[in-house]
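Colleague: Residue-level listing of the chains:
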Amino acid sequence: MMVSSIILRTSVRLILPLSLLFACFMSLKGHNEPGGGFIAGLVASIAFCIYRMSFGAEALLRLLPVHPRVLIFTGLGMAAVTSIAPLLFGLPLLTSRVGTIRVPLVSEPFHYASAVVFDTGVLLVVVGVSVGMIMRLSEELE
Amino acid sequence: MEQPSSFWLLLAVFAPVLAGLLSMRIRPSLVTPRVLVALVGPVVSFLSVLIHLAGHGVAKTDAATKVITWIPSLNLNVAFLADGLGAFFALLVSGIGILIVLYARPYFGMSKDEQYRFYPTLGFFTTAMMGIVLSDYMLLTLLFWEMTSISSFFLIGWYRYEKESVHKAMQAFFTTGLGGMAMLGGILMFGSSEGIWRWSEVAHWHPHSSGYVIAAFCMMFAGAATKSAQYPWHYWLPGAMVAPTPVSTFLHSATMVKAGVFLVGRMYPAFHELTIWPWLILIPGAITMLFGAVTALNQHDLKRIFAYTTVSQLGLLMCAYGLGGLEFEHGGQHLMAIDWDVTQIANHAFYKAPLFIIAGAIAHVAGTRDLPKLYGFWRVNKPMVIVMLLAGYALAGGPGTISFPAKELFFYAIYHAFEIHWIFQVLAVMAVLTAVCNVAIFVRLFTTLLGLPFGQRDLSFDVAVQGQGHGHGDGHDEHHDVGFWAAMLWVPGAVLVAWQYLGGLLPNLWSWIFRPLEANVNYEGFAERLPFVWEMHWGIPLIMSLCAIGGGLVVGLSPLMRGAVGDVHDRIYPFLYWLCVHGGGRAFRTFQSGHFRWYVVAVVSFLILGFAGSVYFEPAMLDVHTASPLEFWPGLLLGIVICVSALMLPMVEKRVIRVLVLGACGFSVVGMYLIYQAPDLALTQLMFELISVILFVLVLRMLPSPDVKKSPGKVWRIAISAAVGITMGWMTLLAANSGTPPALGPFFEANSYEGTEATGGRGGGGHNIVNVVLVDFRGFDTLGEITVLSIAALGVWALLPGRAVRRLEEKFGSEGGAA
Amino acid sequence: MTNHWIILFIIVPQVTGILSVLLMNKIRAQRFIGTLSFVFNTVFSIYLLLEVRAHGTIFVSQMSDWPAPFGISIVFDGLSGLLVAASSMVALGCYIHSFSLMHPMTQRRYFHPLIQLLMFGVNLSFLTGDLFNLFVSFEIMLMASYAMLTLGAERRQLTQAYKYILLNLIASTVFVIAAGLVYGLMGTLNMADLARIVAEKTAPGGEGLPAGFTAVSVMMLLVFGLKGAIFPLWFWLPDTYYTCPISIAAMFSGMLTKVGVYALARTFPLIFAHGAGHSMIMVIFAISAAFTMFLGVLGAVSNHEVRRILAIHVISQVGYMVFGIALMTPIALAGCLFYMIQHMVVKSALFLCCGIMERYAGTDDLYKMGGLLKRDRLLAVLFFVAAMSLVGLPPLSGFFGKLVIIQEGWHIHWWLSVLGLATGALTLLSMLKIWSYGFWNPPKGQHVVVPTGAPRPRMLKSGYFGVTLLVLTALFLGFGAQPVYDIAFQAGEQLTNPRAYISAVLQYDIDAPPHEQLAAAEHDAEVVDPMAVVADEREEATP
Amino acid sequence: MTLILAVCVAVILAVCIYLMLGRELKEVAMGVFLLSHAAHLSIIAMSRSPVLSGAEGHDLKSAPILGMGSQPVDALPQALILTSIVISFAVMGFLLTLIVLTGRRATTLNVDDLAKEQLPTP
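Protein chains in written order, with this note's numbering: chain V, 171 to 312; chain S, 12 to 830; chain C, 803 to 1345; chain Z, 102 to 223.
These are calculated hints, taken from the structure and not from any lab test. Note that the structure is predicted; figures quoted are calculated from it, not measured. All residues carry an ideal CB built from backbone N, CA and C; glycine is no exception.
The calculated label-pair distances, taken between Cβ atoms and stated as ranges, are:
no. : chain 1 : residue 1 : chain 2 : residue 2 : range
1   : S       : 524       : C       : 845       : 54 to 60 angstroms
2   : V       : 190       : S       : 636       : 47 to 53 angstroms
3   : S       : 708       : C       : 1298      : 51 to 57 angstroms
4   : V       : 255       : S       : 708       : 37 to 43 angstroms
5   : S       : 664       : Z       : 205       : 19 to 25 angstroms
6   : V       : 181       : S       : 712       : 20 to 26 angstroms
Chain V on its own, in the form it takes in the complex (with noise of 0.2 angstroms):
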């Protein structure tokens, strides 16, 4: 499916770094404020979608030079990675809070990155899946 205007190629090409860094600054923000993973990552795999279709399969696959699956995959192992990294601490899975001492000043920049890798994992396997499974599905289509 393409849809092909010339109004909208333009737009779309103005739209989607601004969609992206707006996905970025959502993901960021998310653990204050509303966002996270999750919506970063429709937010972005929204814009691709546009991308897609105003541009066709072999313009995203230019700008997104790897199967979706790596995406998916290297997602799920981040998220999978950083919950993993408290056990070798003797830490049941996922806690964020990493090492024994609890200083304030030291403690919350750390936990709070950790919770930050998972949350990127997030994203990339929201946009992996969403945009994986509107490709091939259109893909199908044509």
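Since chain V is already given, all that's left is putting chains S, C and Z on it; use the hints.
Modeller: Structure of chains S, C and Z alone, referenced to chain V:
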């Protein structure tokens, strides 16, 4: 008293199967060594039992061997009980086992393949049988019981690539398996209600007629009855004649079918006081006895004749035990109407085994088992005919064999029972008629085999000419043995039949051997030893015997009842099978119709009915206080949009409008989330709504256009779906107004950014509580859900593989095209 | 320390699954790490089970290190442990079997990662101690099973799969709603916490359970019952299981229904079978057990395609398990547990045998088969042992499962015991049917040309290995029933008297009346409790 | 306000079941599309903020974000719904693909026609 060790009995039980397996290790071409190795099994068993008995004597009923722990929490351990009954059976089984091993060798000739698998299977069966008779734990008995079913399945289905044989094997296994299940139930019920799991403990049990005990007893008897071919479950036994003759001999003389009799004997000391005992056992027993005898008389095939006499004799043995439940006064004493039960069993084994052995041998030599065709077989093979007639004489219960006093004892028991109820006179008549048939069978065998007048004769067939030299009726080898192995076709029969005359002519010797094994000898007249023929008390029983002999002579010589009739009960199993397959299949397919719509109806009906039931049990749930919906108008408005768009969905037809309607519903839900102070939800739902609509539009374009068929009835669809909706809506209302304080939410709020005392000052480090819950408090859920997402993507790709994979599949084929 | 490592049962398959996707084009590497993952799970679970047997330990790990009702708990006790061990074993057997019996092109369709992720879901379902997390794990498992059910995308798969998916979708929706309702009614989602609340409220003098609890129980019964294929919710099973590739069918029929039955066995004695509707729930269980057992076996007997017979048999045997739950005594639950694990192993073994039989005969239709014994003795032996275990002839494993359930049944629902025995006899008939038509009877079909004793095709080697592994396990479960029963009895005891479970998960001594460890948290909860405020408001508003 | 939600849940569920009882798999898919909304609306009702109970004149509760208001609503139901939304999206995607493929292989999406295939033979 010190408990004897289990070692010798363990050896006795497992020696046959070990020897059998060992014989498989010998090279197929070495037949004689194979036989010798297989022979070791029953010989060791026999000797081990003897050694055990020599060391410890015949056990009292409550003196079991030491326990080898196996599964104590299920009351299943290994311990043995070599009391009179058990020890006798063990010796009988292993003794006849020895002879069968010897007999099988010439029977199968030099057929390597058959002997290769025969000895292990036979060993397995012998082990199972030894286990039944020696086990102390009831469940252990059951274990071996089922093993006999399994191994007899292999033996009966010996010619496994022939349909008939397979069918009969299945029939036998299913019938005895059915009984096995009943027996399992009985043992479990008895054990769990009385706390008794060992036969040796039963001796200390005080019988009482509670419902559980009676039900347990009935079920255990059902097990015994199917195994021992009691009417109407007898049909499997003649069917089992498709097996090779060594198997028939072993199964039907001493082992498999006697297992049921053995079980009744095991139960006798404990259960005979139940009032139900005599009636439950006597009625099928008596019918079986007479039916078997009459049918046997109307057969031509030797094996079928002996099969039905076996059925008859099993009925007689059951009757003997059934009568044992009766008490009567004699000379001021309370006596039980059972005597010398072990002798009764031994008697049958000692004439039935030779009969089968010779039947097989004749078939092997003459190529037929049809009695009319064997007219004058005397001229072909004299030793065989002699042994057969000697055994047949015992079958008829002729004086001079142990069979005669055994039958007399049975008549005595019936005679005494006259005192209790007149109905036993009917039993007496049935017993006499049975004896008449047995005598007649002997007369017919005698006249036919010797080629005398009045014998049955098939004029088209002269056994002396046609039968000699090529046996392909039953034996399967062209090559005939000579010398030692040829003699082995009939010598085992001679060895066994000798016991008949030993007992009949030297009753003192017999009594000396068997008296210690007889657990329950009550009648003082026969307490010490068996009588000689002339020592019998004159009276009704002897008259009965004379009637039987006279009647038998008349019937045997007369032209009556000389046909070969079928047995209507052979249809029972096919009918049951048909019932299960067709009736059961129909019942199942009523539910499993393949129609998705019906499945949905069933599932939601479950929900609706369950809800109705809950209302019945918990009327309080109909009582909900909620505020008016009019108070918050934006909510009301959104709610109306949601409801209306949902309701429109089934009504509109056009694709575009449908998508619009779906979108309207979704976006109103987004609004609802906003009202409910859930910005994260609203955002996420919005995005997913967008992507889903894209997906949906894509997919709708790919689907085939709908049929124009009418949709199914609307009224019931609306009724069912409305009921489901109301159920769930009501539950939502109820739970939302339950007033239970949530325990988790406040904790998340308190610890979202900074911890509290409860968490030791540890917090989630985020202001957005929902997100902190998602990645921290319940981050594990999130890990799961992104996994679901990933799997969904994999699933989509697996369903619709990319071009590269498809090219490969075209090249190498796919599952559908591969075999 | 070991406590936290129990999460490996879940993480190892997940990581293996991820790696398998990244190693997409290297089949051998995928097989290697996949096998390794299952072997690890099997060995590790057996190791932990020995610990459980010796000391009665309950391993608990709190995800993200938050205390029990707030975070998500993962619990490894006798019940979940035995199931994890059995399912890992079954997965191993089926996985190895698939190497040679699944078409290579089908394997390329993400079979290797999917099976790992399926095990992620299955193990998580067994181990999780949180109701909503149970929903998530069900979804993982279901999603993977949807994908595997349609793997290969043959026509017969596609025309049936929608039933499975849609019925499960209904159940999932009901589950989500019910989980929400539980939160609304009880205020918590942790199973141990729920059990504690239920025990407190139903104790003499307690305030009683909130209105509507029974209806929620019924909803849960629907959800778990549908997954476990009990009457009248089984419909998806006979229509779908026989369609998918045989190694997958073996795994599904071994494991997936057990997850539903496990959830019934876990949650109902602990939580849902209490309160006003107790008697109704128990009656539903009993009736359902009866129909499930008996109709299931009738369906199996009446078919003549091996796959269908085996698939429909799953239902019948689920009936025995539900029978055990319907009795709800410690011993019956132990029997149910034992029956579950042995059935997993045996049923999968039978399916795997069926796969090899099909290879020889070219069909699974019994009327077109015959004389397979001539073709392969080893296969016949393996099949016979597994079939007799299924029937429950002693001393094979099925016997010991049935034994206890029927024994307990006599004193509670005697008619169910009778039905159970009858079902056993009919099971025997159906297995004999396969045996006589398939292995005995005059030889027919493709294998006729193959002479007796010809060497087995080398390509089937791993198939035989898988079957043998499972049959040996089944034999062990039969002859070595005692150690397994030790654990099962512990688990049954624990389900009916959940003090130990609650104490272990919530990490306080339930017998000590004031919940000291939780005092602080509950204090906080009271301060911000919105409902208290609302309730006050309402009372003021409506005098 | 919970009453509105309850009615919405009831209506959506009823429509879904109605569509599932229909003849076309396509319609069934549309029903499924709505199904998750019902579940989510049912769960959100459990967060019980005062405005939703219709208590007039009471302070609105704020979104579950610290610093937005004095009394955030219960965050857990929202988290549950988020999880559930994602999952139902995944299932939906797969189901749609399956229906596409089924339609293609079986050339029909009529439930009755599909039922006729592969019925157990007596």
